[in-house]
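Student: Heads up: the sequence lines are chains A and B, in that order. Each residue of the first sequence is one higher than the last, beginning at 1 in the working numbering. Each residue of the second sequence is one higher than the last, beginning at 1 in the working numbering.
Any given hint might turn out to be false.
[As the list claims (entries may be wrong)] Short derived list, chain A residues pointing at chain B, Cβ under 8 Å:
hint, residue
1, THR129
2, ASP130
3, GLN131
4, ALA133
5, SER134
6, GLU136
7, MET137
8, GLY139
9, ASP141
[To be verified] Just the calculated beta-carbon pair ranges, DEER-fashion:
hint, chain 1, residue 1, chain 2, residue 2, range
10, B, ASP28, A, TYR52, 47 to 53 Å
11, A, GLU232, B, GLY188, 38 to 44 Å
12, B, ASP28, A, PHE44, 43 to 49 Å
13, A, VAL21, B, LYS21, 22 to 28 Å
14, B, ALA62, A, LEU27, 20 to 26 Å
[As the list claims (entries may be wrong)] Some residues of chain A that are not near chain B, with every Cβ distance over 10 Å (derived):
hint, residue
15, LEU11
16, VAL21
17, PHE30
18, VAL64
19, VAL140
20, GLY186
21, TRP189
22, ASP200
23, LEU252
24, MET260
Calculated from the structure, these hints are not laboratory results. None of these values were measured; they are calculated from a predicted model. Glycine included, C-beta positions come from ideal geometry on N, C-alpha and C.
Chain by chain, the residues:
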Amino acid sequence: MNWCTESMVSLGRWGVDTVRVMGRATLILFLMLSRGGGGQGAFFPLLVRQVYVVGVLSLVIIAVAGLFIGMVLALQGYNILVGYGTEQAVGQLVALSLVRELGPVVTALLFAGRAGSALTAEIGLMKTTDQLASLEMIGVDPLRQIAAPRFLAGVISMPILACIFSMVGILGGALIGIDWLGIYDGSFWGNMEQAVSFADDVMDGLIKSVVFGVVVSWIAVFQGYESMPTSEGISLATTRTVVYSSLAVLALDLFLTAVMFGDL
Amino acid sequence: MTENKDNFIEIRGLSFGYGNKVVFDGVDMDIPRGKVTAVMGPSGTGKTTLLRLIGAQLTPDAGTVRVDGQLLSSLRRDELFHLRARMGMLFQSGALFTDMSVFDNVAFPLRVHTGLAESMIRDIVLMKLQTVGLRGAASLMPAMLSGGMARRVALARATALDPDFIMYDEPFVGQDPIAMGVLVNLLGSLKKALGLTSLIVSHDLAETAAIADVLYILANGSVIASGRPDELQNSDDPQVTQFMKGLPDGPVPFHYPAKDYSEDMLGESA
Ligand SMILES: Nc1ncnc2c1ncn2[C@@H]1O[C@H](COP(=O)(O)OP(=O)(O)OP(=O)(O)O)[C@@H](O)[C@H]1O
Ligand SMILES: [Mg+2]
Numbered sequence: 001m002n003w004c005t006e007s008m009v010s011l012g013r014w015g016v017d018t019v020r021v022m023g024r025a026t027l028i029l030f031l032m033l034s035r036g037g038g039g040q041g042a043f044f045p046l047l048v049r050q051v052y053v054v055g056v057l058s059l060v061i062i063a064v065a066g067l068f069i070g071m072v073l074a075l076q077g078y079n080i081l082v083g084y085g086t087e088q089a090v091g092q093l094v095a096l097s098l099v100r101e102l103g104p105v106v107t108a109l110l111f112a113g114r115a116g117s118a119l120t121a122e123i124g125l126m127k128t129t130d131q132l133a134s135l136e137m138i139g140v141d142p143l144r145q146i147a148a149p150r151f152l153a154g155v156i157s158m159p160i161l162a163c164i165f166s167m168v169g170i171l172g173g174a175l176i177g178i179d180w181l182g183i184y185d186g187s188f189w190g191n192m193e194q195a196v197s198f199a200d201d202v203m204d205g206l207i208k209s210v211v212f213g214v215v216v217s218w219i220a221v222f223q224g225y226e227s228m229p230t231s232e233g234i235s236l237a238t239t240r241t242v243v244y245s246s247l248a249v250l251a252l253d254l255f256l257t258a259v260m261f262g263d264l
Numbered sequence: 001m002t003e004n005k006d007n008f009i010e011i012r013g014l015s016f017g018y019g020n021k022v023v024f025d026g027v028d029m030d031i032p033r034g035k036v037t038a039v040m041g042p043s044g045t046g047k048t049t050l051l052r053l054i055g056a057q058l059t060p061d062a063g064t065v066r067v068d069g070q071l072l073s074s075l076r077r078d079e080l081f082h083l084r085a086r087m088g089m090l091f092q093s094g095a096l097f098t099d100m101s102v103f104d105n106v107a108f109p110l111r112v113h114t115g116l117a118e119s120m121i122r123d124i125v126l127m128k129l130q131t132v133g134l135r136g137a138a139s140l141m142p143a144m145l146s147g148g149m150a151r152r153v154a155l156a157r158a159t160a161l162d163p164d165f166i167m168y169d170e171p172f173v174g175q176d177p178i179a180m181g182v183l184v185n186l187l188g189s190l191k192k193a194l195g196l197t198s199l200i201v202s203h204d205l206a207e208t209a210a211i212a213d214v215l216y217i218l219a220n221g222s223v224i225a226s227g228r229p230d231e232l233q234n235s236d237d238p239q240v241t242q243f244m245k246g247l248p249d250g251p252v253p254f255h256y257p258a259k260d261y262s263e264d265m266l267g268e269s270a
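So here's chain A without its partners, still in its complex pose (with noise of 0.2 Å):
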């Protein structure tokens, strides 16, 4: 086979295996979503307990990031104003970035990075510890049992942690820019409460961090649940799991903002 044929077989395959790919995690997602609510045992102790693994461990990282990003957009954003003598437009400066990418998008890399890994590692362990199977040979569903609360948790985590990471953003600013730099704080609260409207900027915020949340949970649920079941496998599924939601969630934001933002 010369060079142009070959090249067109894997194309081929690889267009193949990518769509068997997007079926699997489609009909995983579907499976996750309609078999959530009924089945054996109560479901809310599972999603409690995950809400907290996922959720609540983040929040030490979250917060402190969100902390440093805050004050190091108040530090750049004066040194640019103050130039032109508008350094009270910090305020807005830093909440709008906070509130519309930063918070959003770094809350959702961070979480790929801290807990969407740590979910692909738990579920491809259980699955190569035959953990799995003998749910299933117990009688209980994996996906119910296993699946649906992680990814559940992930997806109500998000948007609160996307939250928080702003919050603590916009208080590093002060920090910064009030008690460091001076900022009259009147006009940084002031132009701040101004520029931010609730409608737009808070709820596309918001948007963006569920769709994140459902995009990163649902990566990293299905590639536990479809790793190959050694060891390596799994440091495979969770490399994949971080480099995969990482891009989606980049790509996912420029598309979210060109609808939200650009006028699209």
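For chain A, the structure is supplied; the task is to place chain B with the ligands on it using the hints.
Tutor: Frame of chain A; chain B with the ligands shown alone:
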């Protein structure tokens, strides 16, 4: 084919493969109700695969599996899960839930499938753990158990719901002689007390022959012999004698299919 009420499980014309690798090719097997059936065979012949086919975790490429008269391939999902609640399975690796204590592992099937009060569940769990000699280990986490202990906990979990049918994948591996003796007695007494149907996969000829009513020997994708253990021990079929006496050379190959040994070793330089 009509089904026989005396058989808990009937397998007919079963074929299965992983990708291109054929594991079973037209296997017929009956597992009689209320008896202990043992399946033996060289490592890698598909004994674990057989258990997964019976548990409907894998789907046959051809042929049928009937469990208690029900055709597995015709069951709806909820019917299947209902049927599985009546089966216990002891996995080769134990497969305990690593995020739960020993106690919660054994309690899990009870909590899921019965509406029993927690005090009742506690009694049953401790009783089950007592029979495998691990009541004292109830509060340990699975990571703190040895391999043999983990498998005994898994046995307690598999029997928690007092199933009608249990599959054991190599229950005797990694057990010291005392635990082994206890397990052999336990498996035998489960049958007597509960009228339980059991399927044991094992390599331990002596122990298995002692408790098994029927013995199947699998090799090369099909059943090469079946019958009562004493019949097989006195059989003059060379395939059977090789297996029962543990001889490396004979009709049953010890090696995974490969090209000629000397050719393979010389292949690098050639
Ligand atoms: N997931 C899989 N994918 C591909 N091949 C597999 C898979 N699982 C098992 N096999 C192959 O199927 C064959 C049967 O495997 P199985 O685990 O059923 O053997 P076994 O009889 O239980 O062996 P052992 O006594 O060592 O436990 C083996 O040759 C193995 O290589
Ligand atoms: Mg096996």
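Student: Hint by hint, note whether the structure agrees.
Tutor: Status of each hint after checking the structure:
no., hint, verdict
1, THR129, "6 Å, holds"
2, ASP130, "4 Å, holds"
3, GLN131, "5 Å, holds"
4, ALA133, "6 Å, holds"
5, SER134, "4 Å, holds"
6, GLU136, "6 Å, holds"
7, MET137, "4 Å, holds"
8, GLY139, "4 Å, holds"
9, ASP141, "7 Å, holds"
10, ASP28/B with TYR52/A: 47 to 53 Å, "52 Å, holds"
11, GLU232/A with GLY188/B: 38 to 44 Å, "42 Å, holds"
12, ASP28/B with PHE44/A: 43 to 49 Å, "47 Å, holds"
13, VAL21/A with LYS21/B: 22 to 28 Å, "23 Å, holds"
14, ALA62/B with LEU27/A: 20 to 26 Å, "25 Å, holds"
15, LEU11, "23 Å, holds"
16, VAL21, "18 Å, holds"
17, PHE30, "14 Å, holds"
18, VAL64, "27 Å, holds"
19, VAL140, "6 Å, violated"
20, GLY186, "52 Å, holds"
21, TRP189, "46 Å, holds"
22, ASP200, "43 Å, holds"
23, LEU252, "32 Å, holds"
24, MET260, "40 Å, holds"
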